[in-house]
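Chain A is already provided as a structure; the job is to place chain B on it using the hints.
The residues making up each chain are set out below.
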Amino acid sequence: MDHPLVRSTDLVKTYELGSETVHAVDGVSLSIARGEFVAIMGTSGSGKSTFMNMIGCLDVPTSGTVAIDGIATSDMESDALADLRNRKIGFVFQQFNLLARTTATDNVAVPLIYAGKGGEERRELANRKLADMGLGERLDHTPAMLSGGQQQRVAIARALVTEPLMLLADEPTGALDTRTSEDIMQIFQQLNYDGITVILVTHEDEIADHAERKIIFRDGKVIEDGPVHNRRIAASAESRA
Amino acid sequence: MKKGVAPRLSGWLVNIAIAMTALRTNLMRSILTTLGVMIGVFAVTLAVGVGSGAQSSVMDSINTLGSNMALIFPQPDSEGGRQTFERGRLTTRDADAILREIDGVTDIAPQLRANINMVSAGRNAATNAIGATPGYGQVSSVAAQTGRFITDADVRTSSRVLLLGASVAENLFGDFDPVGETIRVNRIPFKVIGVLESKGSSFGNDNDDVAVMPITTMRQRFTGDTLAGPDDLHILFVGFADGINLSDAKKAMTELLRDRYRIRDKETNPFTIRTTEEFIEQSSQVTGIFQTVLVAIASISLLVGGIGIMNIMLVSVTERTREIGLRMALGAKKSDIRNQFLVEAAVLCVIGGAMGLVLAIAAGSALTAYADFPVPIGMGVAIGAIIFSALVGLAFGGWPAVRASRLSPIEALRSE
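These protein sequence lines are chains A and B, in that order.
Residue numbers are given in this note's numbering: position 201 of the first sequence equals residue 201, and the series is strictly consecutive.
Here this note's numbering = 1-based position in the second sequence + 241.
Next up, chain A with everything else stripped away, as it sits in the complex (with noise of 0.2 Å):
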């Protein structure tokens, strides 16, 4: 495995708005490999959040490519992308996305339905991971009946349902306040640990200070890129308490 997880070379976006063009991300080359932590971070415009959909290949580069764990995605059909963020990648978003009206386990099943698995196999999935978040009791709740914490775990569930390599989280404690943002880093930590690899966006140093490296970004430029010193260890809820 000599391939790192994701590489982007010379990764360009740039939007036109009326007649100026705006350069969101401005020939970004980096390498993520297996098993890292990643903090994502620069102020609102400075193109994180723009890089981190084109690494997940919800949105198409302008120019330069990405490959997933080796593959380049520039010349893929939109079905493959479909079927490779489907197996690959894992999204948390910050305002957690999940299907109002439905159940936990049936949000948490959404992926398995395009994985083509059967209805059975994909409740006993969704209730597996649930359980491995700690909402083994809430399976029937619907999104209303949920805490934004436990709505977040839901979607983490959902992210890690299909066994993805790695996690893309798009300032997932953006909508939180602190004490749960904490037991979501907690989470990330603990996923990271056991082999995932973590990419997150944020603009907040405490929360970037959780992940290993930490990638700076400016007007579509990587400005620094280098290890966390002083990593913050997340305490668990019950280390708090």
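Treat the hints with care, since some could be wrong.
[Claimed, not checked] Over the 12 Å line for every Cβ pair with chain A, so calculated as not near, a few chain B residues:
no., residue
1, 396
2, 467
3, 617
4, 640
[Claimed, not checked] A partial selection of chain A residues facing chain B, derived with a Cβ cut-off under 8 Å:
no., residue
5, 83
6, 99
7, 103
8, 115
9, 191
Keep in mind that the hints were calculated from the coordinates and are not lab data.
As the structure is a prediction and not an experimental result, all values here were calculated from the model.
Glycine included, each C-beta is placed from N, C-alpha and C at the ideal position.
Okay, now just chain B, sitting in the frame of chain A:
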């Protein structure tokens, strides 16, 4: 990775479950949209039923004539400069020749027709009487309900006997059995020998408003001076055995009659032959057009219903853009998204279609019960209506569904 049938089937079930959730979420909107399809399917199904009903009514009235037969009547004209009467004739001898020489003829029923007035004990009735032979009973499946039919002896002796249709008997005698009574027909006393079996009515025409007497009696008493010769006929029914090709038989009869009257090659026929086959063909053409026009008009309401579906699906896709983006991020292919919305449109339409079908069956039964008009809505039409509604869903849901599937994942996810 092998994908079996079960996961694929379960994928469709998931789509139906997603559709049901979405439809429940906007319950009122879903009901109103369904209403459009319901009215459309109701109208089309009822139109098909009314059309088939008209068709079967026409068939019934043709069948009262007799199932496999031909009608021949003289068609006088002045073709070839000859006298009208000479050309436009049809006689008992022609009838006998047809019975003798044409293959497959089982019976002949030479007839005269006359309007008669009947009086009995102060009550009177006017009707169109048929002068017939016993053969009429066989060819047109006419029989006596009470009493007896006319016999060869009646014909030979020109006896003054007659049978009454059920309606005529009712008018003259009420509930009283008229068999054996004497009535005056145009002042001549006749003995009632029977009452005919009822043939009901077709298209408001009372088939029981009729009287039958021996052909010879009618010729002597009522029609003699209006005919060109002593054995002329007004009309001839020819009954054929089952399985006889009527158009071949018609050709053979035409040739025979042209030969008998020495019609030259270029001259038109001084007679007309119609077969039940032709009646059925012509009337099914007419009822077919009738049905097509009805269904076409009804289809407009289904079209409007379909446009309603398209409208609401476009709204649904717009409202759920974020959900579409999420599903794409989680691995949904374009086809998955497209199918999800197609299924939603089809489910809407099938629910509406089923309700429209139930309504049409109810309206059809009401029409049959209260207006005496058959509106058959069979299993085939019912299944067709449901399949058709699903197709309406697919047709009108197609464009919104394809639009949804073409969204870019990130644009869709970012939308509010």
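Just double-check residue 617/B for me: nearest Cβ-Cβ distance to chain A has to come out over 12 Å.
holds (42 Å)
Decide, holds or violated, for the assertion that all CB atoms of chain A are farther than 12 Å from the CB of residue 396/B.
The claim holds: residue 396/B sits with its nearest Cβ about 82 Å from chain A, beyond 12 Å.
Supplied contact hint for residue 191/A, tested at 8 Å Cβ to chain B
Violated: closest Cβ of chain B sits about 18 Å from residue 191/A, beyond 8 Å.
Mind checking the CB of residue 103/A against every CB in chain B and telling me if the closest is under 8 Å?
This interface hint is violated because 11 Å lies over the 8 Å limit.
Beyond 12 Å from chain A, beta-carbon-wise, is residue 467/B?
holds (85 Å)
Interface restraint verdict for residue 115/A against chain B (beta-carbon cut-off 8 Å)
Because about 7 Å separates residue 115/A from the closest Cβ in chain B, which is inside the 8 Å limit, the hint holds.
With chain B as the partner, please determine if residue 99/A meets the hint condition of a C-beta pair closer than 8 Å.
holds (7 Å)
Let's test the interface hint: is any C-beta of chain B closer than 8 Å to that of residue 83/A?
Holds. Min distance 7 Å.
Minimum C-beta separation from residue 640/B to chain A exceeding 12 Å: can you confirm that?
Given that every Cβ of chain A is farther than 12 Å from that of residue 640/B, nearest at about 19 Å, it holds.
The structure does not agree with the numbered hints 7 and 9 stated previously, though it agrees with the rest.
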